[in-house]
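Protein chains: 2
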Amino acid sequence: MVSYIIRSGRVDDCEDVVRLMQKLSAHEGFADQSKISAEDLRRDGFGPDPVFQCAVLEKLFGDGTSELVGYALYFYGFCSWNGKMLYFEDLFVEREYRGMGLGVALMHKVIKMAVDRGCKCIQACVVEWNTEVRQLYRHLGIEDLTETKKYHILSFTGEKLDKFVKKESFISKDMILKADL
Amino acid sequence: MVSYIIRSGRVDDCEDVVRLMQKLSAHEGFADQSKISAEDLRRDGFGPDPVFQCAVLEKLFGDGTSELVGYALYFYGFCSWNGKMLYFEDLFVEREYRGMGLGVALMHKVIKMAVDRGCKCIQACVVEWNTEVRQLYRHLGIEDLTETKKYHILSFTGEKLDKFVKKESFISKDMILKADL
Numbered sequence: 001m002v003s004y005i006i007r008s009g010r011v012d013d014c015e016d017v018v019r020l021m022q023k024l025s026a027h028e029g030f031a032d033q034s035k036i037s038a039e040d041l042r043r044d045g046f047g048p049d050p051v052f053q054c055a056v057l058e059k060l061f062g063d064g065t066s067e068l069v070g071y072a073l074y075f076y077g078f079c080s081w082n083g084k085m086l087y088f089e090d091l092f093v094e095r096e097y098r099g100m101g102l103g104v105a106l107m108h109k110v111i112k113m114a115v116d117r118g119c120k121c122i123q124a125c126v127v128e129w130n131t132e133v134r135q136l137y138r139h140l141g142i143e144d145l146t147e148t149k150k151y152h153i154l155s156f157t158g159e160k161l162d163k164f165v166k167k168e169s170f171i172s173k174d175m176i177l178k179a180d181l
Numbered sequence: 001m002v003s004y005i006i007r008s009g010r011v012d013d014c015e016d017v018v019r020l021m022q023k024l025s026a027h028e029g030f031a032d033q034s035k036i037s038a039e040d041l042r043r044d045g046f047g048p049d050p051v052f053q054c055a056v057l058e059k060l061f062g063d064g065t066s067e068l069v070g071y072a073l074y075f076y077g078f079c080s081w082n083g084k085m086l087y088f089e090d091l092f093v094e095r096e097y098r099g100m101g102l103g104v105a106l107m108h109k110v111i112k113m114a115v116d117r118g119c120k121c122i123q124a125c126v127v128e129w130n131t132e133v134r135q136l137y138r139h140l141g142i143e144d145l146t147e148t149k150k151y152h153i154l155s156f157t158g159e160k161l162d163k164f165v166k167k168e169s170f171i172s173k174d175m176i177l178k179a180d181l
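Residue numbers (the UniProt record's numbering), protein chains in the order written: chain A, 1 to 181; chain B, 1 to 181.
These are calculated hints, taken from the structure and not from any lab test. Accuracy of the hints is not assured; some may be wrong.
Same chains, same names: a pair is fine if it fits in one copy or spans any two.
Stated by the list, open to error - Pairs of lysine-lysine residues, derived as BS3-like cross-links and limited to a Cα-Cα distance of at most 25 Å, are as follows: (1) K112 to K173; (2) K166 to K35; (3) K167 to K23; (4) K150 to K166; (5) K150 to K35; (6) K59 to K160; (7) K173 to K35.
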């Protein structure tokens, strides 16, 4: 009998999560896009001011050893249509463990936890060519806002973000604008 | 001389933010979509476990009174390509205050604060027909991931979400799956 556990990610899982994260990025066709290190995950997920949480899918062997074969990375937010929200940044299961329902089980456990905590909405992104996942999502009743409401997702990064941040003012000189954030 | 301030939203701003949120929803063509009340905002943004923050744009009158004429609602997260992220859920300025740079100034102050706190990526959504905002974003160097990388944004809500959460198991009976989240 093969045994698996879905549990909260710990700081000592970060190396494994990075390994899986790189596989996910390659699977999506963007192998060079993920620049994240285990140190980044430790700082931003397990430091004093965490901005994400993760759940891991661990395979348990008879000899007491184990291996991470999947993970979900998510964070809480707020949707102005529905309220408290959980956003799935990543959901990944290693190729040889697919087709057994483990990915949906991982998704289910995280979503159940989020709904138990008052979330009314779960959001995620998917690439258009990933028809297998898109069909699954459609089957589950997940709405594709890009199709139904023509929503586009935008990203502001790198040098262009730096340049924007360094600008001094955007308003005309006959207005006074103070900022206190 | 007209005077404005951009400041962090407070719990007593929630009624005004809901009023502006409904205007934003109507402006996007989804007037009936926002089901959020001031009580929801107070609980989810200013309670013991906040899932969002907001900034407000306030017009100051000579007699000492003031009025909220815009807001931004945002939360922190993590992007597995770039790292720590700020997600803009909403950015709105009342119609009569547009075209003066106040919306970009509001966006700039929030983004600057996020970058100062270590964010490497800002994300947001925009509806396809909102060409004015999309052109501005393009001009600023913001990448449209739906165009460039064919990303779709998905939403799981309502009865279908409830039904999914209530399911018991997704795996075959010859596997043991424990969960501890």
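Hints versus structure:
Taking the closest pair of Cα atoms, K112 and K173 come within 25 Å of each other only across two copies (21 Å); inside a single copy the shortest separation is 52 Å, beyond that limit. For a Cα distance limit of 25 Å, the shortest separation of K166 from K35 inside one copy, 24 Å, qualifies, whereas the shortest one across copies, 37 Å, does not. Taking the shortest Cα distances, K167 and K23 never come within 25 Å of each other, neither inside one copy (38 Å) nor across copies (29 Å). With identical chains, the CA atoms of K150 and K166 are never at most 25 Å apart, being 32 Å at best within one copy and 30 Å at best between copies.
For a Cα distance limit of 25 Å, the shortest separation of K150 from K35 across copies, 20 Å, qualifies, whereas the shortest one inside one copy, 30 Å, does not. For the homomeric pair K59 and K160, neither the shortest alpha-carbon distance inside one copy (42 Å) nor that between copies (30 Å) is at most 25 Å. Proximity of K173 to K35 under the C-alpha cut-off of 25 Å is found in neither arrangement, the shortest distances being 41 Å within a copy and 39 Å between copies.
Checked against the numbered hints given earlier, this structure breaks hints 3, 4, 6, 7; the rest are met.
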